[in-house]
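Chains as they are written, first to last, in the working numbering: chain A, 1 to 361; chain B, 1 to 179.
Hints are supplied without guarantee of correctness; some may be wrong.
Said to hold, decoys possible - Counterexamples of contact, computed for chain A against chain B with all Cβ distances above 12 Å: (1) Gln8; (2) Ser24; (3) Gly34; (4) Ala84; (5) Arg157; (6) His181; (7) Gln195; (8) His233; (9) Val242; (10) Thr292; (11) Tyr344; (12) Gly352; (13) Thr353; (14) Gly354.
Stated by the list, open to error - Listed below are the simulated SDA-like cross-link pairs for lysine to any residue, each with C-alpha atoms no more than 25 Å apart in a straight line: (15) Lys100(A) x Gly34(B); (16) Lys198(A) x Val242(A); (17) Lys100(A) x Gln36(B); (18) Lys38(A) x Lys159(B); (19) Lys38(A) x Gly34(B); (20) Lys198(A) x Asn62(B); (21) Lys198(A) x Gln37(B); (22) Lys38(A) x Asp64(B); (23) Lys38(A) x Asp41(B); (24) Lys198(A) x Asp11(B); (25) Lys198(A) x Glu16(B); (26) Lys334(A) x Gly34(B); (27) Lys198(A) x Gly34(B); (28) Lys198(A) x Ala10(B); (29) Lys38(A) x Thr60(B); (30) Lys198(A) x Phe17(B); (31) Lys198(A) x Ala52(B); (32) Lys38(A) x Arg56(B); (33) Lys38(A) x Asp11(B); (34) Lys198(A) x Gly20(B); (35) Lys198(A) x Gly99(A); (36) Lys198(A) x Leu38(B); (37) Lys198(A) x Gly61(B); (38) Lys38(A) x Glu16(B); (39) Lys198(A) x Lys159(B); (40) Lys85(A) x Ala107(A).
The set of hints was computed from the structure by calculation and includes no laboratory data. No experiment lies behind these values; they were computed from the predicted model shown. Note that beta-carbon positions come from the ideal geometry of N, C-alpha and C, so glycine has one too.
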Amino acid sequence: MNGDNERQMRDRLGGALDTITPASPPVGAVIRQGRNIKARRRVGVVAGLAVAVGLVAAAPSVIGQAKPQPAAPPRYQVTVNPPAKNAPAGLIASGTTDGKPWRVRLASDGRAGETAFAPDFSEFGVGDETDGSPAVFTVGGGGAGGNSLSMVVAAVRADVSEVTLRLPRGTVLDLHPVAFHGQRWVGVVLPGRLQIIKAVVYSRHREVAYAIPFGTSTFVSWLRPGQQGEARHTFLVGSGLVDGRRWSWHAYTGPWGNCFQAAPGGDSYCPEGSSVSRGQVATMSTCSAPPTFYTAGASPAVRVLRFKMSDGSMRFAPAVSVLGLRFAAVELGKGQRMVSWSAYGASGQRLGTGKGWSCGE
Amino acid sequence: VKEVAMNAPADAEFTEFMHGRWAQLVRLGYGLTGDQQLAEDLAQTALAKAYASWPRVRRTGNPDAYVRRIMLNANHRRFRKHRVAERLTDTLPEAGTADLTGRQDDRTALIAALMTLSYGQRAAVVLRYWMDMTETEAAAALGCSVGNVKSQASRALAKLRLSGGLNDGLAEGMSNERR
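Given these sequences and hints, build the entire structure.
Structure (structure tokens):
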């Protein structure tokens, strides 16, 4: 190979590689990953030292503090295109997800909040009132198993000019609002169960707010730029056995706010604002799908809730402290319903009572 | 990138470094893997490792070399791990669906040809002829001898010359050489 050919090789490689356009640098993801590496090194060093000095018993507790690494996110490819100038009314965006073409199009019959989507998606209602929130997300699903897709649609406030969604593997999607029926919208279709790591909304000149969803895509609270949000904690509010089936009710606090999730079944519930109003002792919140259990929110002074059931039995549930409030959950046997409840404080004094509440009311 | 939660000066410095190098690292990764997603993963891994040791990396005075070395090592490990999946063949993989532009065709053909090379040959070609490194610099980046880089690059070019997957541009250059 002479110099000409080497030069030609340089040109060919330059032509091939210099035209690659990478996604934006995933600064946040890299720094998080880097911090995890540092944390793992520290754990490794501490555990190593513990073994070296013969503190064999101490090592498991140190290792136990290391969080298990989440499974690697799946590979995926998402492209988003804004609607062309001559696009039909209501078309918010189009693109491909893992090679499958999609369109997010709102219904054109004037019913804001109804959507008619491309094949594989049945219509689902979309919240069209932002109520002062920078963006209100609605997520609908289509397909099944490995082919499932999630359609993410958000109504955004008038001052929002861009929404970015940070996804696993460093992908950041830029979504630009499109006006339709007096509201501004963004939309995208993602692989089903793909975790949205963060949504950030921008006005023309600055970042307005960001939100970290609970689960894959449940957006509850918006935080100001730089605001930390709540620390991530998990609380077991209640668990038990009903009709031979185990149940549990966990509270998950974090930057999203406070969300509850039932197991089995995985129904989640993220109350907006406080679950208990000022002056209220307790409020019965939700009922789960079978196995059925009641959940309740209570004021900070409450320590125990007593439930009187329709068959005359009494059930007691400790009120677990979560973000300054108390929460409890109690199971409901077959054919039972709650007749009344009483709330008790730390010294056993009764703080309040209320009538029962049937699931489905 | 608008979302950067930084507070320490070192973080800000690292962010600036990352912004300046990201595209080049992804392109290097693409030359090594032929897959943009993998290339971005490799670049991200290398930068995360550099971030984890940033004060030390900065002290070396050549953070670029450090990050490149991590990236090359990570790709080497990946290559060894997936040796069977990435088995070398004499025939080029199918180019896939028709490309939209001649430039993409050109890139597809060249990258496909590069993928027929061994890891060492591929790395030597990319470092020497895309990054314009000297043989000494490429040897330092790859952690091998200058002689090894010379022979890897030479074998790679010979193999590419024989390969039918190279585009007209290079083939034309080669026919000139024959004349």
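Going through the hints against the structure:
Not every CB of chain B lies more than 12 Å from the CB of Gln8(A), the least distance being 4 Å, so the non-interface label is violated. Here Ser24(A) does not stay apart from chain B, with its beta-carbon only about 5 Å from theirs, under the 12 Å limit. A beta-carbon of chain B comes within 12 Å of the beta-carbon of Gly34(A); the shortest separation is about 3 Å. Consistency note on Ala84(A): stated as away from chain B, and its beta-carbon is indeed over 12 Å from all of that chain's, at 17 Å minimum.
Every CB of chain B is more than 12 Å from the CB of Arg157(A) (nearest about 17 Å), matching its label as outside the interface. With 12 Å as the threshold on Cβ separation, the claim that His181(A) sits away from chain B holds: the shortest Cβ distance comes to roughly 29 Å. Distance check for Gln195(A) against chain B: the nearest CB is about 16 Å away, which clears 12 Å, and the non-interface claim stands. Separation of His233(A) from chain B is adequate, the least Cβ-Cβ distance of about 21 Å exceeding the 12 Å criterion.
Every Cβ of chain B is farther than 12 Å from the Cβ of Val242(A); the closest lies at roughly 44 Å, confirming the non-interface assignment. With a least beta-carbon separation of about 42 Å from chain B, Thr292(A) lies farther than 12 Å from that chain, consistent with its non-interface assignment. Listed as a non-interface residue, Tyr344(A) keeps its Cβ farther than 12 Å from every Cβ of chain B; the least gap is roughly 44 Å. Listed as a non-interface residue, Gly352(A) keeps its Cβ farther than 12 Å from every Cβ of chain B; the least gap is roughly 43 Å.
No beta-carbon of chain B comes within 12 Å of the beta-carbon of Thr353(A); the shortest separation is about 47 Å. Distance check on Gly354(A): its Cβ is at least 44 Å (rounded) from any Cβ of chain B, clearing the 12 Å threshold; non-interface status holds. Proposed proximity of Lys100(A) and Gly34(B) is supported: the alpha carbons are some 23 Å apart, at most 25 Å. With a CA separation close to 37 Å, the supplied pair Lys198(A) and Val242(A) exceeds the 25 Å bound.
At roughly 19 Å between alpha-carbon atoms, Lys100(A) and Gln36(B) fall within 25 Å of each other, so this suggested pair holds. As the CA atoms of Lys38(A) and Lys159(B) are separated by approximately 42 Å, the hinted pair breaks the 25 Å bound. Of the supplied pair hints, the one linking Lys38(A) and Gly34(B) is violated, its CA atoms being roughly 30 Å apart against a limit of 25 Å. Only pairs whose Cα atoms come within 25 Å are accepted, and Lys198(A) paired with Asn62(B) is rejected, the gap being roughly 33 Å.
Taken as a hint, the Lys198(A) and Gln37(B) pair is honoured in the structure, with Cα atoms around 20 Å apart against an allowance of 25 Å. With a C-alpha separation of about 20 Å, the suggested pairing of Lys38(A) with Asp64(B) holds against the 25 Å cut-off. The suggested pairing of Lys38(A) with Asp41(B) holds, with an alpha-carbon distance near 19 Å, which does not exceed 25 Å. With a CA separation close to 20 Å, the supplied pair Lys198(A) and Asp11(B) stays within the 25 Å bound.
A threshold of 25 Å between alpha carbons decides the hint, and for Lys198(A) with Glu16(B) the separation of about 22 Å falls inside it, so the pair holds. Taking the CA atoms of Lys334(A) and Gly34(B), the gap is near 60 Å; set against the 25 Å cutoff, the hint is violated. Simply put, Lys198(A) and Gly34(B) have alpha-carbon atoms about 29 Å apart, too far for the 25 Å limit, and the pair is violated. A distance of roughly 24 Å separates the Cα atoms of Lys198(A) and Ala10(B); the hinted pair therefore holds under the 25 Å criterion.
For the given pair, Lys38(A) sits about 19 Å from Thr60(B) by alpha-carbon distance, which is consistent with the 25 Å threshold. This hinted pair checks out: Lys198(A) and Phe17(B) have alpha carbons roughly 23 Å apart, not beyond 25 Å. With a CA separation close to 23 Å, the supplied pair Lys198(A) and Ala52(B) stays within the 25 Å bound. Taking the CA atoms of Lys38(A) and Arg56(B), the gap is about 13 Å. The hint holds against a cut of 25 Å.
Simply put, Lys38(A) and Asp11(B) have alpha-carbon atoms about 14 Å apart, close enough for the 25 Å limit, and the pair holds. For the hint linking Lys198(A) to Gly20(B), the alpha-carbon distance of about 24 Å falls within 25 Å, and the restraint holds. Proposed proximity of Lys198(A) and Gly99(A) is supported: the alpha carbons are some 24 Å apart, at most 25 Å. As the CA atoms of Lys198(A) and Leu38(B) are separated by approximately 22 Å, the hinted pair is consistent with the 25 Å bound.
Using a Cα cut-off of 25 Å, the hinted pair Lys198(A) and Gly61(B) is violated, with the two alpha carbons roughly 35 Å apart. With a C-alpha separation of about 20 Å, the suggested pairing of Lys38(A) with Glu16(B) holds against the 25 Å cut-off. For the suggested pair Lys198(A) and Lys159(B), the alpha carbons sit about 47 Å apart, so the restraint of at most 25 Å is broken. Of the supplied pair hints, the one linking Lys85(A) and Ala107(A) holds, its CA atoms being roughly 18 Å apart against a limit of 25 Å.
Going down the numbered hints, you'll see the structure goes against 1, 2, 3, 16, 18, 19, 20, 26, 27, 37 and 39, while the others check out.
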